[in-house]
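Residues per chain are reported as follows:
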Amino acid sequence: MVPLSYYLVLSGILFACGVTGFLIKRNIITIFMSIELMLNGVNLSFVAFAAHWHVLAGQIFVFFVMVVAAAEAAVGLAIIIAVYRTRETLNVDQVNLLKL
Amino acid sequence: MTQNPYLWLIPTLPLAGAAINGFLGRRSSKKAVTTVALTFPGLAFFLALKIALGFSSAAAPYVFNLAHWIRSGSIGLPNYFSADFAFYLDQLSLVMLLVVTGVGFLIHIYSVGYMSDDPSYYRFFSYLNLFMFFMLTLVLANNYLMMFVGWEGVGLASYLLIGFWFTKDSAAAAGKKAFIVNRIGDFGFLIGLFLIIQHFGSLNFTEVFAKVQPLAAETSGAGLLTAIGILLMVGACGKSAQIPLYVWLPDAMEGPTPVSALIHAATMVTAGVYMVARSHVIFERAPIALTVVAIIGTLTALFAATIGIAQTDIKKVLAYSTVSQLGYMFMACGAGAFSAGIFHLMTHAFFKGLLFLGAGSVIHAVGGEQDMRKMGGLKTYIPITFTTMLIATLAISGIPPLAGFWSKDEILWKAYQASWVYWLIGAITALITSFYMFRLLFMTFWGDYKGIQVDDHGHAHAAPGHEGHGHGEPHESPMVMLVPLIILALLSAVGGFVGIHNGFEHFLEPVFGSEFPKTIAEGSGNTEWLLMGISVLFAFAGLILAYVLYVSKPYLPDKIAASLGSLYDTVVNKYYIDEIYAKVFVKPLVDGSTKILWQGVDRKVIDDAVNNAADGARHVSDEVRHMQSGNVRSYAGWIASGAAALIAYMIWWGMR
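For the record, the sequence lines run as chains A and B.
So that you can map any letter, position 69 of the first sequence is 69 in the numbering used here, and since no number is skipped, the others follow by simple counting.
So that you can map any letter, position 357 of the second sequence is 357 in the numbering used here, and since no number is skipped, the others follow by simple counting.
For reference, chain B alone in the conformation it holds in the complex (with noise of 0.2 Å):
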């Protein structure tokens, strides 16, 4: 452990920025917000760069605390519980310190292109900084408390961003459904949180992993551990948008699309895949757990390619595939190959954050439309975009030698190593999510331009919130935002050569060791190769399938779609998960809260308590109010007979 006195600047930063950003943008320029609000991630960007270039994978992790934050109990004994504002420091959070400052910044660089008309810049701006700031203190904590911090102020972040355009229903109405949704998965993670605290006494990654092994010997540290693991999956299921949590992701594609590269693709919602692997001590002493996260990644991997593969907003089919990505790194964890999923996630951060900025630099050439069925043609008027986003595009479906290759790859290998069952249904997910990627591809880029063309003054199809300027025929998008672009699309072109020799998985040993899983002996390599050849195929395969329905015989698929007839209706339609979801959870808890709650104990017991008791209060006041006649005489009365009364009752009761 080394002190490291900058490691809590690097949240700071944008904390900073968002501050500063939040509370006087609306009065600075716009060429003001725009300094603050890429200086401070910049910043924040080259202090991590720095940290990382002097952090090798034998150095030891750096450490620094803040300050104190709770402190109850006493030193010493068991009831003795702490947790600090302290910053961790490993491989493992190393890269994804990366990840976060250096996509981040460049998405944050993008925005200012793609945000330039948006009247409502500066909080734009606040609300990505303060998201990186939570962000930021999620990956860098030393405790789960820290963690959750992050973990709910990337929520919050995530909500402010998803719903920025609120006066629009739908957005308002998406914000509210991911901050709901996730907010199951965090009472999971709080309940394992509460556990932990029970059973270890501490917060702190260190203490906590230290306690476990002991703990899994006693006959009890089983259940509660996988108790743990289970609970800890669940508020994973939550952020990284994973079977049954996965609805408010697609969704979440309501916010612009930076917010949707940045929060939803690249970062926040990999936050559970961080987790996870983060807790890995936890759950390779639980392999009940393991199993549960392997289920949930392999199945949520194929489900949400399957729907990805029938959608027609270019941002939904995105979406879907992020899920799915994100069930490949669950898949990973669930393996035991903790660093595969982080790897994985590293170069799913480069290719979907590339090919989310790339359907924003779409749905800006075209004006604001997202229904692929309305562009097409695109390749020759925005090459560069296109350029970028086939690059992204064959990265993502595992085409050697791009990024997603060598991830997906080693996850597959690794998944297979623990059942042949997760290699099957990874490589036939990797064969979809070849389709539909091509699917995207050709839609948008190749045939003829479909788009309505627009006079200079027409916002005839700008979509709500992105503001349609003047479109003849669709448009390269400015430099501010092509460069990230071509930056991404170079790391995800080479950002898997990390992974060569097994060159990712030495460098994050010191964090999960090299022990598990059970390495297989050397000779099994033919097993890897033809596994590998085998992916491939299948990759290349979906590209020729979309080839073949996309670009060749663009007939073809509606006819395909009339013959599956009611089966094609329900992949369409999401598998109506959503209505599933209203029928059993959202309509009897609406129906509940108003007919039980509202008008059952509010109106009848609550209200009706109240209201009863003012009107008794006045029935018998109405009453009572008789024996004030103001007839001296009758006051008399009452007074002797009051003091008859009284002097009785004392006779009564002095003679007993």
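The following block holds chain A by itself, in its conformation from the complex (with noise of 0.2 Å):
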């Protein structure tokens, strides 16, 4: 039996790898990658802490974060399209047309 600590240190490797991808990417794409990626060290701990506490609520949890991550990628992809089709580029540094 792999003890609970096992998942949570691979859940939070994985946040964290979301996050600094995250942070330090520019590349639309990629960010939008890291956000799923601490999505699912988010949905790691769920499943974990649910099979450790033989409570049901965690994974139905993981089930409601997957569809939203799925809406979340439909739209998402659809606004990185329409991104790419007026600025020509996916660097978020260069869209910046809200700033003062």
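What the hints contain is simulated information worked out from the structure, not anything from laboratory work.
Small disclaimer: the values here were computed from a predicted structure and weren't measured.
Even glycine gets a Cβ: it sits at the ideal position worked out from N, Cα and C.
Be aware that a few hints might be false.
Which chain A residues stay away from chain B? Per the calculated CB distances, all over 10 Å, these [stated by the list, open to error]:
1. Ser-5
2. Val-9
3. Ala-57
4. Val-62
5. Phe-64
6. Ala-78
7. Asn-96
DEER-style ranges, computed between Cβ atoms [unchecked claim]:
8. A:Ile-13 x B:Asp-615: 48 to 58 Å
9. A:Ile-80 x B:Asn-612: 39 to 49 Å
10. A:Gln-59 x B:Arg-618: 46 to 56 Å
11. B:Ala-643 x A:Ala-78: 21 to 31 Å
12. A:Leu-56 x B:Asp-615: 52 to 62 Å
13. A:Leu-4 x B:Ala-643: 16 to 26 Å
A short, non-exhaustive set of chain A residues, derived as facing chain B with CB atoms under 7 Å [as the list claims (entries may be wrong)]:
14. Leu-4
15. Phe-22
16. Leu-23
17. Leu-90
Given two chains presented individually in distinct reference frames, assemble the corresponding complex, making use of the accompanying hints.
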């Protein structure tokens, strides 16, 4: 039986990777993937806790998260395509029309 | 107590007149305005007469409760307080009622002539009727609260009418001065009323007075009654122009002359005397307060009379004379002779109303001039005005058998019983009164006319406000102005006879009782005759002195004035009281308001607080807006660090 802490550490590592990628990458696709990574890191800790405490709520949450992530991916990719079409770049630093 | 459902109509009728003229007068013809303006106070007068005819000295007071006004607390408990729109008429109110409606109605008639060319004719009568409403409310009130409503109302009407020609700066300023000085008095009056509410639980006259005696028996009662009495007197000082609050009345002469006659001589300024007389139950149990009333009255009588000597504006002389005569009334009240005070109030209303109306007629005759030095010799030009004013002057000087003699003699006699000092000052004042009144008469009517002849289109010396309608030489006023003069002259001549055999006093006995002050035994009748003789002598002395100085040796006054030097200047300048008040009260107030309240509190504290708050918000925002860079990754950074901070906080907090 793998101890709970292993899962949590892996979950933490995945989440930290996601945050780091989110913050340092400029390519919007990479940032998008980092978000997915964070979500999956959280998902992992959800299922780990659910299995450990024998409570189903955690697994249900994971389904919700996956559904939301799928929806978000659809919308997000659509936005990315729209951005690319108008700005001809995927670099977020150049997508700054709202800047003062 | 008898119910009398007509009582409430007496004040309400003039109110209706005021409303009709006030709202519709601008579009109505002058004739319609006149009809309305005269009908309603006239009806009130006839109603008052009708009630008076059925009202003897033995009659029980009439009451009428029109509507509930204030009800608080629960009946039976000590916290219960009520005040109603209720009217009360006893012998005292009846005298006031007849004076106010009677003299008031005559002055309304006179005003039709005096104000006939004024563009704001309807406005004048609307205000005048409004004044009648408030004055009658004051007089007929059955509780202090209603009285206060009337009290403030006449103050308002007075303000409106003093400032009637408001385009003239001095008139507007005089109106404000009257209002503000009266506020000071009203402040005392109000505090007095609060004390009454606190300790008597009511403002109703009958209820309050019934509780005075038990309260006076308590240890703290005497001090309390004294405090209430003095506070009420402060109110009376404001309204009735006594020292130290008399300064507004001479300035109030900026108003049209009928206003001076009605409000600032015959009725409103006597409200203070009426109020003190009405509260006589309180004052009788508060000897210190009574002494204060007597001292203020006596000093004012003398002080104002001395100022009157040196005035040259015909209306100013009369104004100071009014202040002085009001002093007499307070002297009487202070001596405990309330009925004598009210008697003088009544006769004063006749002859002083007449003097003002006569002065108005004179001013009318000479085209708006008010300076007596530019008059003179008018008795041949305006004989009727002259005759009536002569009667009024004889009356006010206390020459028998005219009205003023009876009431003034009564006051001096009662004052003598209280203290010979009051009598002495009163008698000296009588001498001065006689002197300045005959001075006025001689300067105006004797000698040669010194005014400038004005051609038919001339407005050369028309004072602002009073229209100069083509003056060749001085001319007699129209009949509508002369009839009130003649009626008032008759009243001034015979009005004093009601006082013979103490008839007036007996009439007021149900109100004032007969035990106060202790009547001196009949044996002192000789003293009374002696004092009467002295005061009549003084009156004639004043007359002769004035005749010598202003008719037979007209060069003497200037010489005397020159030899008196600075003393004369002081009197001419009214003892510099206005200047002293300006320095001591007005200037510190204005400076304090400007420097501390305006530039200090308002600008530095309030304005700066608001402005600095706005500036601060802008500066902080200026800095903070750099966070909103439009850079997605920096937003992500903020979110991440925010989330991290939140988690850190929760962990730290959870560990505690």
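**Request:** Return the numbers of the hints above that this structure violates; sort them in rising order.
**Result:** 7, 14 and 17
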